[in-house]
Amino acid sequence: MLEIKCPYCGKRSQNEFSYGGDATIKRPQLGDEISTEDWDNFVYYRDNPRGKHSELWHHVSGCRQWFKVSRDTATHEIFDTCKMNEDFNV
Amino acid sequence: MQKYSVFSLVKNAFTNHENWEVAWKDPQPKKEYDVIIVGGGGHGLATAYYLAKEHGITNVAILEKGWIGGGNVGRNTTILRSNYMFDSNAHFYEFGMKLWETLSQELNYNVMYSPRGIINLAHSDAQMNAYARRGNSMRLNGIDAILLGRDDLKKMIPFADFSETCRFPIHGGLMQPRGGTARHDAVAWGYARQADSMGVDIIQNCEVTGFDVNNGKIEGVQTSRGNIKTKKVGLCVAGSTTLLADMLNMRLPIEAHVLQACVSEPVKPLLHNVVTFGAGHFYCSQSDKGEMVMGGDLDGYNSYAQRGNMPMIQHVLTGGLAVFPNFSRLKMLRTWGGIMDMSMDGSPIIDKTHIEGVYLNCGWCYGGFKATPSSGFVFAHTIAQDQVHELNSDFNLERFHTGKIIDEKGVGPKPWIG
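Chains as they are written, first to last, in the numbering used here: chain A, 14 to 103; chain B, 84 to 501.
Calculated from the structure, these hints are not laboratory results. Among the hints, a few may not be true.
With a Cα cut of at most 25 Å, we get these calculated SDA-like pairs of lysine to any residue [said to hold, decoys possible]:
id, chain 1, residue 1, chain 2, residue 2
1, A, Lys65, B, Ala388
2, B, Lys414, A, Met14
3, A, Lys24, A, Thr94
4, B, Lys238, B, Arg199
5, A, Lys65, B, Met330
6, B, Lys315, B, Gly303
7, B, Lys492, A, Asp60
Produce the complete structure using the sequences and hints provided.
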């Protein structure tokens, strides 16, 4: 069982959360000239690291806020969590 | 190579089974090979076998970091099927089903192919309509499919919950009678033994640590057992694909996720088919030893750990108990996890790459085991001929650029939902 610290509610069990994927992906800027490669990268291509991974989680059965988690994909260790407009401390 | 038969069994019984030949050798890596396959799982071993058998290329090495068959080919739930709707999938997997049917004879190794039928249960009228459509698509592609009603199923799986007041009543199902199971380890060992007998070097405990690429061409691989030259490299490493692709500066439409499975204690024969629950993700078959082999959803977050967490086991088995309430008293024997190379459209990638001589076989999601023979066959063709086989021409990397994706489930590029 993962224990995830929601930045709004504190530590809760994994059951209360749902996953939202890689947090480093940025949608190409609206209004800019966007190449098809940029779209491919945004929609389909991922770094998929073995180790530290920034990802989105949703406290769906709690405060319903989205937030960011820094977690190790090899050990499942959670290093840090933060709000969407913040950066990790660790 | 010693042929396995009832006579060789009897003959060896007289000598206490102490004189069997080793099934495959343990060679030192040579300085150079025509083709190197990275990954000694089902797909890698099958690829090496078909390279030797179909294309006469026998100066081949399989490099395996651990031991052969220790990854996903030893961790799956052994299900075989070709019940796909899209043409590219249907043709590819049906070609594989035909290989499965004669694989034991071809490999002189009993892979225990058991065409016990796979049944997908439907729990609503809409789902019955969808299954009728899928069944029709399958039959148009020459694949066997039968639409079952509630009364048919009552005879086949009488112990399922057929009450009308349950949350997901059983309306019917779609069955592929030729679908079933095979003994997963035997598949790896059978391919390994035959490939070895034709001259393929199976090199275990040999981790690939880098690639020598010069002017866009592959020239060799660096391994924990020294550098080896080659002109062609095939990657068959499933969940570890991104780790190798990183060494080649290749970014892929792949995410690694952990999928768990579990088996119960052995019980007397009860479940004669493979059955999938249609209102959640749960599937089950009974092994020849009597264990219920069960699986379901991904844990749902990126992971390279070959183990999962209890919440997903609980979730999957809750679905299982909804359809088979009598399983509630089964004791669990063991659970385990494997790393899935989840592609962004749920379909595999078998293709050439931007580096000359590097070939890619990945993106198998949950479905790699049943594809072992067909994947090996077309990947061997792709490597030997330096061009894709017609059966894997749609499983290209280009589709993530052109938009001609093969999204059988229609969930979009979110593998953790699929």
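Hint-by-hint comparison with the structure:
Taken as a hint, the A:Lys65 and B:Ala388 pair is honoured in the structure, with Cα atoms around 13 Å apart against an allowance of 25 Å. A C-alpha spacing of about 21 Å is found between B:Lys414 and A:Met14, which places the hinted pair at or below 25 Å, so the restraint holds. Of the pairs offered as hints, the one joining A:Lys24 and A:Thr94 holds, with about 10 Å between alpha carbons and a cut-off of 25 Å not exceeded. Distance hint between B:Lys238 and B:Arg199 is fulfilled; the C-alpha atoms sit about 15 Å from each other, no more than 25 Å.
For a cut-off of 25 Å, the pair hint linking A:Lys65 to B:Met330 stands: about 18 Å separates their Cα positions. Annotation: proposed proximity of B:Lys315 to B:Gly303 holds, straight-line Cα distance about 8 Å (limit 25 Å). Between B:Lys492 and A:Asp60 the CA atoms are separated by roughly 24 Å; this keeps the pair inside 25 Å, and the hint holds.
In this structure, every one of the numbered hints holds.
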